[in-house]
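Engineer: If you want the building blocks of each chain, they are given just below.
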Amino acid sequence: MKRILSYPEAIREAIECEMARDASVVVIGQGVDDPKAILGTTKGLVERFGPERVFDTPLSEDGMTGVALGLALAGLRPIHTHIRMDFILLAMNQIVNMAAKMRYMSGGKVRVSMVIRATIGKSWGQGAQHSQSLYPMLMNIPGLKIVAPATPYDAKGCMIEAVEDHNTVLFIEHRSLYYQKGPVPQGRYRTHFGKARILSKGGDITLIGISQMAIECLRAKKYLEEIGVNAEVIDLVSLSSLDMETIESSIKKTKKVVVVDNAWMPCAAGAEIISRLVEKGLLEGVAAQRMGFSFVPCPTTPSLEKYFYPDAKKIALKAANMIFPHRKGWKPKTEIKIEEIEFKGPF
Amino acid sequence: MNLTLTEKFYRSFYKIRRVEEEIIRIYPTDKIKSPVHLSIGQEAVSVGVCQALSSQDVVFGSYRGHAMYLAKGADLKKMIAELYGKKTGCAKGKGGSMHLSAVEKGVMVTSAIVGTTIPVSVGYAYGLKLKKLSACAVSFFGDGAVDEGVFHESMNFAALKKLPILFICENNRYAIHSHQLKRQRYDNIWERVKGYGIFSERIEDGDVFKIYDFAKKYIAKIRKKECGPIFLECLTCRWKEHVGPNDDFHLGYRSKEEVDIWKKKDELIRLRSLLSSKKAERIEKEVEGEVEKAFAYAEKSEFPGEEELLTDLFFEKKQ
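Chains Y and H are the protein sequences, given in the same order.
Numbering-wise (the numbering used here), the first sequence opens with residue 10 and increments by one.
Numbering-wise (the numbering used here), the second sequence opens with residue 234 and increments by one.
Honestly, I wouldn't trust all of these hints.
Cβ-Cβ distance ranges computed for the label pairs, FRET-style [claimed, not checked]:
#1 Y/Glu288 <-> H/Cys460: 54 to 62 Å
#2 Y/Glu254 <-> H/Phe432: 44 to 52 Å
#3 H/Asp263 <-> Y/Gly294: 49 to 57 Å
#4 H/Cys460 <-> Y/Met101: 29 to 37 Å
Within a straight-line C-alpha distance of at most 30 Å, the following computed DSS-like cross-link-like pairs (lysine-lysine) qualify [stated by the list, open to error]:
#5 H/Lys473 <-> Y/Lys52
#6 Y/Lys264 <-> Y/Lys327
#7 Y/Lys118 <-> H/Lys415
#8 Y/Lys289 <-> Y/Lys323
#9 H/Lys473 <-> H/Lys266
#10 Y/Lys45 <-> H/Lys395
#11 H/Lys364 <-> Y/Lys45
Because the hints were derived from the structure by calculation, they are not lab data.
Heads up, the beta-carbon is just placed ideally off N, CA and C, and yes, glycines get one too.
Extracted from the complex, chain H is given alone in its bound form:
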């Protein structure tokens, strides 16, 4: 079935949104055995970027990685099973929501320590360059990661070696409850990065097409070795609390109005409006089926047994 670009965007976006909504619905039952840092509200960044990637490209992300994992085409059933702590999960239940990976789909590493996958993605990009492959590394992180020293070490090295990497800063303004301007002197991450010798832009309105166009254009240049690393800062909004399925406006660190501005310009609604009802409904029906199946799969899968505890620590050579 050939989908138009808008249909693909809608399908990917709708799937992530519905998965997050289902997690929110299920979470109070305690079936999910892992803290969840939801991507809901931030889907446009992962959808826009990942639609511009090929299957050879490899992404690295953070503990808020559901959207990136799904947008890159990784298996939904294995993700939900992982959240449920089941042995059919993408990491046999040893990773959980914060450590999703799907090497076969180019989802290499996600990490619970802010900023830690940035230098790893840079090293991976060096490997791609050394092996003369045309693939590209993509590093997703938040505005909090920019506070970390390793962010700056990584920018410096990526620029120094002109590596094939796209940096995506999802700036949702908050590190847990701490606003960017409580942690950084200026709201200009993208401009500061230029000082390292990295081409950089910012997209402020969360427009999924703009994000896609940017990624498409510069991934092509990176592949043709016409440029070194590229940086994109995307302003976005985390609809829910830092971790967990709830709203947290009662805490008073941010206002409901601030989030409502983003909810009003929800890209999902715009994408749907660009499709005929028939096409949109067909996509929705398919996705609903997938989501239902994934949760059922996780539900009926088994937990790993004790024999799994000590395995997977080291790669053992075959004797």
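Just chain Y, same shape as in the assembly:
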């Protein structure tokens, strides 16, 4: 019997595992020690490791990111948590001007072992300032490592790797992924940064999803099965070092690719991946498309929000139109709930 954990349980387990192993790991952020414990991801940590290693912070994102950097310079390994990714905009000075540059500016003398957790919100009326997915901005900054795992397995593996890394790692979580359950082995294991995960093999089209969009791509694959299309689904996982090798070998096979960003499209992962493929001359005879958020702030009402985000049906339709350009008008007959999509491996 495989051991099944939810996404937040996997994060919590990884943090607890690292805190138990290494006394220099500390967890800071607004609400990390409160009763809701960042949707359960920091539950029980203050009780086990004490208030010196797990502490709530004032609402000072800029200052507290500087504090986390100072902790790292003092030899600790802070995990700084932001329950909304939108809040890191207040911390950009410390992230971009300081953390990302500290090692380079010192000629390689200092290390910044720091994890910044940022949770992306969606739906329930989150609106424009609680739903942003700002990784494209961060991908443009040298000196940052960025991961956005989509499965509980990789959430644990990436968190352990992030804590152990001697650099600043942005760990991006999507609220909708918190419903994901999947196999998570006991004990320590690491998901190496720079390696994408093939969530499902297929030969007809390559669907590359970022964060929660990887799960939407898996759902799209189910829809596409209705019309006999077998999609390959890739979870990018690592955003700062793109696994072009995995992408290239998939495209060689499928000759069709859709990159689904969990963000606005300009200068995002889709733009970067497709540019790299163009530069290497790998898109000859290959159909390539991007998907992402509509280029407006996220509306609050569900009647508009449903048009704002890509989802499985939109991805499936895009894929179907690429494969059968002359056969318009197909719509999936069945309705597959997102809760039904769980990735069970193999890892």
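Here the structure of chain Y is known, so what remains is to put chain H in place on it, guided by the hints.
Structural biologist: Then chain H, alone, in the frame of chain Y:
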């Protein structure tokens, strides 16, 4: 060689002054490949504070960091080489004058963005406390940093957690050309800080002994955990323009007389008057030799090659 306190002060002060004077002299040749924000005129603050520190204590500063770097005992040759953009520099030429560091001597970080090292020093102090070390963090910044939101975030957190840190505000009155009272309602930085629950004083005359005595006394208390963070505002004077080696009285934002008041009470001259000529001359001779050697070292060092461009971005684990 055992130096008296006055001799140590004079040595440190004289060295910083002479280095800045040499930078001023050399700068027009374009050998220095980095904008310089000179400490000349403000030396007493760094000398007074750093003489009270131990080698375990760690300082954080700003782009106007030459005095702090040297007063903490960091390597002069590596500093000048860094200004020259050479690979023998303290950051292999990747930092420059605004990003001097010498971790081995407790000079952790300096930054070109006003106020940015203040929360970092606070976090470092938290680390010292958590690790139960008796060392102290010291944060140097100017009056301009007090305008920044992060200054207030940092004061609040340092007080909240009673951290082992000494804050040193070098108030030279100007943020580039903008006087403090064009930016702040009151000339009372030290008093405002008390509202956060931080013990605070101000030294108005730039007396290097007073600054030293204050730092010595409160560093000892911080080490014994008898107090939380301590704040000292030191009034001082930037003799030169904001950035570069020149006077800038022609701009009209401040008067020559205002600066002359400070030049007349130059602490360097007072320190020298407290020493015998023989002792002072011996120190001067030694320092002159060091300065000459440092510039020669920078001059003959090589620039980093292209192979250096992409290194030092990430710490790579040894496989």
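Engineer: Give a verdict on every hint.
Structural biologist: Hints and how they fare:
1. Y/Glu288 <-> H/Cys460: 54 to 62 Å: 60 Å, holds
2. Y/Glu254 <-> H/Phe432: 44 to 52 Å: Given about 59 Å between the Cβ atoms, the range is violated.
3. H/Asp263 <-> Y/Gly294: 49 to 57 Å: 54 Å Cβ-Cβ, so the 49 to 57 Å window holds.
4. H/Cys460 <-> Y/Met101: 29 to 37 Å: 34 Å, holds
5. H/Lys473 <-> Y/Lys52: Violated, at about 55 Å.
6. Y/Lys264 <-> Y/Lys327: The hint holds at about 15 Å.
7. Y/Lys118 <-> H/Lys415: 39 Å, violated
8. Y/Lys289 <-> Y/Lys323: 29 Å, holds
9. H/Lys473 <-> H/Lys266: 19 Å, holds
10. Y/Lys45 <-> H/Lys395: Holds, at about 27 Å.
11. H/Lys364 <-> Y/Lys45: 29 Å, holds
Consistency with the previously given hints fails for numbers 2, 5, 7, ordered from lowest to highest.
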